[in-house]
Amino acid sequence: MLKRFVLVSTLIGVSVLMLTGCSKKEDASAQNKAKSVTLTVMGNSEDIARPYMKTAFMNYEEKTGNKLDLQGIPSDNFEQVMLTKFITGDTADILMHFGGHSLTAYNPDENFVDFSDAAWVSDIMDYVKAQTVYNGKVIGLPHWEASISGTLYNTEIFDRLGLEIPSTQDEFMALCETIKQAGITPIFLAFKDSWPLLYQFPMDTMFEDKDVLNKLNSNQILYKDVEGFEEMVKWYKTVADKGYLGKSFTTNSWDYSLDALGSEEYAMMLGWDTWLYTDLAQKYPEVADKFGLMPAFVGTPREGTFEGPNVSLLIANKKSEKVDQAIEMVHFFAQPENYNIAFDGVRTAPVFKGQTTNMATPQFTAAQDLIAKVGRPSITWAQVIGFTQVDGPKNIQDYVLGNKTLEECIDALDEDRIKLAKAQQIPGF
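Taking our numbering, the leading residue of the sequence shown gets 150, the next gets one more, and so forth.
It is worth saying that the hints were derived from the structure and are not from the lab.
The C-beta atom is built at its ideal place from N, Cα and C for all residues, glycine as well.
Each hint should be verified, as a subset may be incorrect.
Simulated restraints, written as ranges between beta carbons of each label pair [stated by the list, open to error]: (1) E320 x D438: 24 to 30 Å; (2) D438 x Q330: 23 to 29 Å; (3) S402 x E477: 35 to 41 Å; (4) Q229 x G577: 21 to 27 Å; (5) N256 x D308: 48 to 54 Å; (6) V270 x E413: 42 to 48 Å; (7) S412 x D390: 21 to 27 Å; (8) E320 x A572: 41 to 47 Å; (9) D493 x A279: 24 to 30 Å; (10) E313 x E477: 50 to 56 Å; (11) E486 x E305: 38 to 44 Å; (12) E413 x G577: 47 to 53 Å; (13) A279 x H480: 19 to 25 Å.
Taking lysine-lysine and the DSS-like style, the derived pairs with C-alpha atoms no more than 30 Å apart in a straight line are [claimed, not checked]: (14) K212 x K467; (15) K286 x K468; (16) K468 x K184; (17) K234 x K467.
With the sequences and hints as input, model every part of the structure.
What follows is the structure in structure tokens.
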């Protein structure tokens with residue numbers, strides 16, 4: 150009888166505990182729902198739509214109960230719209246933006262949260278960390294793909310024509326001529342959109358001597374004084390005049406890049422390895438693996454160059470009324486269990502030391518010896534005060550089209566750079 154009483158009492162107790170537990174969970178859920186907020190995230194519309202960012206955003210909403218208002222701005226006027234919104238106070242709780250001096254106009258010291266003491270800073274890979282720092286402070290979380298850039302080339306076209314990876318600028322030009330004679334356009338360049346000219350690719354070698362970079366950034370010298378800069382600008386007109394960009398290159402847009410490479414109408418394109426899988430493979434899954442990666446031969450240096458990973462940051466707006474929640478969101482994205490969900494199966498080198506679910510691209514794996522030989526550089530262009538990837542190339546477009554001489558083009562590049570530096574109130578300009 151006693152045993153039966155104890156059993157009944159135990160069952161009742163367990164039931165009460167279960168009901169209490171459910172009640173507590175329901176109460177916690179209700180409290181979380183009541184405390185949920187909507188945070189605005191503003192960035193380039195293409196960046197916000199990256200598959201791994203979509204996964205990360207969805208994971209955040211599901212786990213926290215918060216909502217995200219994703220505000221994408223088209224790339225063709227991204228910087229102008231972002232700055233206008235920022236100046237007028239119509240800005241977001243979280244900004245997505247690449248690092249370096251391009252952030253100067255936003256006055257990071259005044260407007261962005263300093264994450265230097267965050268625990269996750271030590272988790273960032275060394276080859277990425279420099280891009281998170283502005284004026285000695287970590288101003289954003291690098292939640293992005295770690296790509297390696299150079300020339301993407303169609304291996305089947307190369308094999309069919311008996312071509313080998315060139316080792317010098319001269320060999321690259323000879324290779325382009327062979328491809329052209331075979332009836333294939335050697336290089337796809339999204340000339341119409343300006344930014345895909347990617348004139349920053351050779352800058353790591355131009356500014357390998359930090360004294361040269363410091364003199365440029367203190368307005369003691371100009372682009373025309375930098376060794377290799379003129380050769381880089383001349384390269385664009387040379388490949389256009391020789392027909393290596395095709396007859397209709399002036400109307401080629403970035404939107405057409407997928408079809409251009411997917412149709413095998415073009416043999417090569419300046420780009421980054423992860424693009425083959427984040428973009429090309431989404432439309433042409435059977436084509437991405439046909440491409441290899443070799444150095445970018447953009448006039449200089451002689452043996453070509455690779456560009457290291459360029460990562461976008463999640464930046465918390467210090468002036469936001471929801472700054473505490475914005476900070477919590479950044480910390481959420483920095484947790485290994487969360488970023489490993491976002492990058493599960495994504496073709497990229499790791500941004501974080503605890504990143505385990507990503508996969509290196511086969512292009513990067515195959516090119517490792519060549520990358521080591523040429524040297525894997527940092528992203529020097531982000532350290533050039535006044536550099537602009539959107540407006541700067543428009544001067545190169547004018548030069549290629551005959552609207553500016555070589556000297557006028559380089560002078561205009563300097564004028565635009567200095568104008569932006571002055572607008573940002575950089576000392577010495």
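Q: Note whether the CB distance of E320 and A572 lies within 41 to 47 Å or breaks it.
A: Taking Cβ atoms as reference, E320 and A572 lie about 42 Å apart, which means the hint holds.
Q. Would you say the C-beta atoms of E313 and E477 sit inside 50 to 56 Å of each other?
A. holds, 53 Å
Q: Could you tell me whether the CB distance from E320 to D438 stays inside 24 to 30 Å?
A: holds, 25 Å
Q. Between K286 and K468, does the CA-CA distance stay at or below 30 Å?
A. Measuring from Cα to Cα gives roughly 17 Å; hence the hint holds.
Q. Within 30 Å, alpha carbon to alpha carbon, are K234 and K467?
A. Status holds; Cα separation ~15 Å.
Q. Holds or violated: 24 to 30 Å for the Cβ distance of D493 and A279?
A. At 27 Å between Cβs, range holds.
(Q) A range of 38 to 44 Å was offered for this pair. Does it hold for the Cβ distance of E486 and E305? (A) This hint holds: roughly 40 Å between Cβ atoms.
Q. Between V270 and E413, does the C-beta distance stay in 42 to 48 Å?
A. holds, 44 Å
Q: With 48 to 54 Å as the target window, see if N256 and D308 comply at their CB atoms.
A: holds, 52 Å
Q.
Given the hint of 35 to 41 Å, is the C-beta distance from S402 to E477 inside that range or not?
A. holds, 39 Å
(Q) Given the hint of 21 to 27 Å, is the C-beta distance from S412 to D390 inside that range or not? (A) holds, 25 Å
Q) How does the Cβ-Cβ distance of D438 and Q330 compare with 23 to 29 Å: does it lie in that range? A) holds, 27 Å
Of the hints listed earlier, there is not a single one the structure fails to meet.
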